[in-house]
Each structure stands twice: as C-alpha cells, then as structure tokens.
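First to last, the protein sequences are chains B and V.
Letter by letter, the first sequence follows residues 1 to 261 in the UniProt record's numbering.
Letter by letter, the second sequence follows residues 1 to 222 in the UniProt record's numbering.
For the record, the hints were derived by calculation from the structure and aren't laboratory data.
Treat the hints with caution; some may be incorrect.
No farther apart than 27 Å at their CA atoms in a straight line, the calculated lysine-lysine pairs in the DSS-like style are these [said to hold, decoys possible]:
(1) B:Lys89 to B:Lys135
(2) V:Lys216 to B:Lys111
(3) V:Lys216 to B:Lys151
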Amino acid sequence: MSNVSVTKDAGGPESAPSDLVVLNNVNKHFGALHVLQDIDLTIASGEVVVVIGPSGSGKSTLCRTINRLETIDSGHIAIDEKPLPEEGKELAQLRADVGMVFQSFNLFAHKTVLENVMLGQLKVRRTPKQEAQDKAQALLDRVGVANQAHKYPAQLSGGQQQRVAIARALAMDPKVMLFDEPTSALDPEMINEVLEVMQQLARDGMTMVVVTHEMGFARSAANRVVFMSDGRIVEEAAPEQFFNNPRSDRAKDFLSKILQH
Amino acid sequence: MFDFLEDYDVWEAFWVTIQLTLYSAIGSLIWGTVLAAMRVSPVPVMRAFGTLYINTVRNTPLTVIIVATSLGLYQTMGIELGGGDSKEIGFRLAVLGLIAYHASFVCESLRSGINTVPVGQAEAARALGLNFLQVLTLIVLPQAFRSVVAPLANVLIALTKNTTVASAIGVSEAALLMKEMIEIESDVIFLVFAIFALGFVLLTLPVGMLLGWVSKRVAVKR
Chain B
1 MSNVSVTKDA GGPESAPSDL VVLNNVNKHF GALHVLQDID LTIASGEVVV VIGPSGSGKS
61 TLCRTINRLE TIDSGHIAID EKPLPEEGKE LAQLRADVGM VFQSFNLFAH KTVLENVMLG
121 QLKVRRTPKQ EAQDKAQALL DRVGVANQAH KYPAQLSGGQ QQRVAIARAL AMDPKVMLFD
181 EPTSALDPEM INEVLEVMQQ LARDGMTMVV VTHEMGFARS AANRVVFMSD GRIVEEAAPE
241 QFFNNPRSDR AKDFLSKILQ H
Chain V
1 MFDFLEDYDV WEAFWVTIQL TLYSAIGSLI WGTVLAAMRV SPVPVMRAFG TLYINTVRNT
61 PLTVIIVATS LGLYQTMGIE LGGGDSKEIG FRLAVLGLIA YHASFVCESL RSGINTVPVG
121 QAEAARALGL NFLQVLTLIV LPQAFRSVVA PLANVLIALT KNTTVASAIG VSEAALLMKE
181 MIEIESDVIF LVFAIFALGF VLLTLPVGML LGWVSKRVAV KR
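Chain V extracted, bound-state conformation:
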C-alpha cells in the first residue's frame, strides 16, 4: 500500500519545510520585535511607519507577497539575496516573504503583550534614569514576551503551515511534492492527503504543547 512512497523523498521535502519555518520564525521574531518597538516609540515618524507597514502587509494575501518576491524582486529587479542557483534563490525569497508577512502578526501579538505590562513598570524604570531603549529592552519587552508566548505559538503554527505557499514560486517543500504526487498517484489520493496532513500535525502539535508549557512556566506573577 505504501510502496509508491519509495519513488518520492517525502523526508527531503519536509526538511525544506522545516528549514523554511525555522529561518522565517527567527526572522519574523526579530523584525516583528523591531516593528513593535517602532509602534510604541516616542518618535512620530517611526510610529507612522510601523502602523503603515502593519496595515499594508497584514492585509495583503501571503500568495501575493510570495509571488511578488519572485516576479518583482528577483525576475524584474534582479535581487538574488546572495543565493547561487535558482533553487537557493527561490528558498531565500520565500523566507523573505514569510518574514515580511508574519512579522506583522508577531508585532501585533507583542504589542498586546506590551499593553499587559502596567504603566507603572515603565514609569519606575524612567524614574531611575533609564533611557527609552533600556526601558523597552530591560523592563517592558521581557515582561511582554512572557505574556504572549501562547499567541506567538499560534503565529508559529500558522507560519509552519503557510510555508506551503512557497510552492507557488517553486520551492521544493512539502506542498510542491504533494502536488506532484496527487497528479501521479491519483489512485491513492486520500492516502497522499493523509500523509501530508499527518506530517504537518507532527510538526505543529509538539510546538503548540511545548510553548503552552513554556507560557505557564515564564508567566510573570503580580
């Protein structure tokens, strides 16, 4: 029944999915934090940029963003992001698109976390003579992160599944392989679906459980 699997490298495809997820997760966490810092900063230009970015990117379909990285950045403007062959370039463009998109969700989660930190915490920090960046990085963000571990886990799970959009620009991750298998192995089509569904559940379920546990561990007691 599973003989047909010998003709395909399912593990290889999921490995690309995992890599896409890891790089995009790290990138969107960093860029999302920077965006959140901009949105709460005292500088009006930065706040305006943050708001504009979130409202534009969050409301654009991911497919549009991913396709735009390939057709716009690469094929029109020739931006290759240092990737050697077309396979590597496609991978890097997909990571860029995924970061750009998911950072906006990380930012908004984090911003709601910032709102859970009592204003007195920042006031006490300012009263000690800490500057804006110190108040943010030493006092506000550490507490904000602890309160948004669970929402961030949601973003991470969504990101894992959204990596399938990268198949639209030919990145050979799980969804691209699935498309191929659907065409060739149409007699066992439900089995093909089940294999890929199970693959993603195996990726995301432990993440959700682990971060749920972490979220309880690091919660700030008040």
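Next comes chain B alone, as it looks inside the complex:
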C-alpha cells in the first residue's frame, strides 16, 4: 500500500481560505508537565493528517484541544476561521461540527446502537425522528453494522463498537473528524475493519486528524504525517518522505524501534 499521491507539501502554517483547523502557538501544562509546547498546526479542508509519536508526547492532548475537551493555557485555535469559544452554547454548536472518535469508543451504554447514532441528530440538530432514523440506519449500513442496530453496545465486539462510534460522529455531518487512537483498544483482528472504514472516509474527502500507532494507515491514507515528541511537533512531512527519509534524529530513533519487526 504505497501508491499514495501526495498533493500537499509539508510546510509551515500559512493561513488560506481552505484552512479548516488552525492551531497557533498553543501551550498547555498538566501541573509541572508542559504537554503542548508552541504548537503550530494548520489543517486544510479535505486533508488527512496523521499524528504519531511515542506515548506521553502530547498527541492525544493535541487532538482533544481541537474541540476543547482539553482547555489550553495560551495560544489560539480556530475552526473554519472561528476561534474556539468559551464553554457554553456556542462551544456546543461548534462541537456538533467536529466529530470525535475515542480510544474507548464511549458509546452510550444505556442506549441501543441505533439510538446512539440518532441522539445527536434529535437533540442537537433537531432532525425529525423518522429522518434521523433513516440516516442512522444508512450510516450503520455504511460502516457495516446495520444488522446490530437494536443491540446494546456491550453486546458488540470492540471493532463493531468503534464503527458505530464513527457512524455516530458522521451523523452530525461534521466538517472535520478527530480520531484519538481509534484502534489502540482493539484486538488485532478487529483493527482492520475499523481502519477500512477510516480509509473509505479519507477517500471520500473527509478532513481528518488521526492520532494513531498504525503506521500502515499513516502511509496509505495520510496527506501529511505530524511527528510529536515531548510536547513538540518535531517533524511534519508527507508520509513517503517521513517514513523513508526522516530528518530529525528523534523521528529516526522512533521509526527504527517500531519498523524493524
């Protein structure tokens, strides 16, 4: 899987009308730990950005700041040219436009699969019930779990749950999808079914930020790889270039440890 066409060169953050997500000089501390240090990152509409790096490098935190599940200490984040508002009605509206998929799926445990995918449509978008149900059913079909619609999340396998979670996020017609280690909690044989759904999304032109340890996915689906270490973005490059010819020593070291087997 190396026939990737790289359209966008890795470059510094420059503001263009197609820039969907812009992080500017973002800093965050957890107590004494400086988890995000001067992060500048710009994600264009339709772009798939994969964030990789060692554990504790701040990549999940970075992903979570984009819809303000984590607050930041300083800097600016804008989505579709609108700066992230404070907690409240406006932030809720903005979050509705940003899909999020979690490592631990986080499907609502007391609701059926279908209800999970309908909830946001009904309560946030105020979609009529029948319309919401049809859309939910179509999305479940698209991610390949249509026959599980009336089960509860605990009755599904991890891979199925994560695909439902993707459908739940897609039901809001998000402008951008955030994936926070979507396959890290899955059994090995279930990883591919989730990655295939994500590959399809990427091909359909969805703007995606994906924090992952799946190097195969990064190679095949990413337009750009962002390598983080110790709270900094150490390297940004097209996947070909990053995996075959990393520039920084930290990235070389990281890749040598994971790619040898």
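On the provided structure of chain B, position chain V as indicated by the hints.
Chain V only, in chain B's frame:
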C-alpha cells in the same frame, strides 16, 4: 386477646404513614436530584450551595428539623403551606421536613452513582454538541440512577421508618397511635410493640425486595 384493637383505627394511622412516605419519597427524589445536579454543575455558586445544604441538613437530627417546621415555619412565621386545618398543616409541614432531610441522602447516593458513570460517556456527549443539562439528563443521570437503585431503596426504607418522627408535631400517623395505645393498653404492651413493628416490616420488606429486583433488571452492562 386482640379485642382492644376494636377501639383504635390502626389502619387509618398506617394510611397516614403511607401517605407521608409516598409524598416525601417523591419530593426528596426530585429535590435530591436537583441538589445532585447542583453539586456536579460547572457553576461554582451552585456547587457551593449544594455542598453547604448537604453538610448542614444531613448532620441535623430529623427531630430538630421536623419540630423547627412546626414551631419555626408555622407558629412563628405563619407559613401554612396551603393546609386548611391544623391537622392538614401539620401533615404538610412534616412532609416538607422529611423531604428537606432525605433529599440530602438521595443526593449523596445519586452523586456516588454519577461517579460510576465513566467520564468518557459525558465526553462523548459533549463532543456531539449536547449542552450541560442535556449531558446530565440524557446520558449521566439515567445511568447513575440505574446503578443506585439499591442505595436509594435504603433511603426509602429509612424514610418510611423516619415518618414516625412526625408524631413529634402531632401528625396522627402510626407512632402517635402507638404512644396512645401504650398508655392505655399497658397490660399488653409487648403486643402493641409487635403490631407496630410488624406493620412497618410489612411496609418496608416488599419495597426492599422489589427494588432489589429492579436494581438487577436495569443495571447497565459495560
């Protein structure tokens, strides 16, 4: 042996006990849920009020609260809660006192239930664009309630028995009748005790068993 019972309306007295229990249970469930919502809300003033309320009311003897409703609210401040005669006023004041007291226990049970809901559930709900109240009422509280049915049953049983304190302000429920019977029927005093003890067991035992069954039925699978 049970002839003396013909002079008393035991059923009437227990009916008042049941009414006290029902109204207070519904009231404390509602007020306790509101208090729990305050205690987990993002608004500092509400959290502070919730904490202050719980720490004050939970640590005050119920007798003090009930007597204070009668002597303080009614006789000093003239608050009658819309009750017509003194009997009805006493009943309503007792319900108010019971709600105020037991809501704090409902709140704390519920709060421990909220803590059993994984934080990811609320995060996923927020990420969909639900606001605080929606996250609470659609996602967190429904799961919290399911995990605290058994502790809430304890509160309900305690409440049933605590209604006897209402006799302190003259509400004619079971304990007041018992006091009367103890004085007049002192020759069968153990029988009197046994009758009232049995009456309360008959009220609380089915409640405990029913809610124990409900608790297993509604448990959230993870």
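Structure-based check of each hint:
no., hint, result
1, B:Lys89 to B:Lys135, "25 Å, holds"
2, V:Lys216 to B:Lys111, "17 Å, holds"
3, V:Lys216 to B:Lys151, "19 Å, holds"
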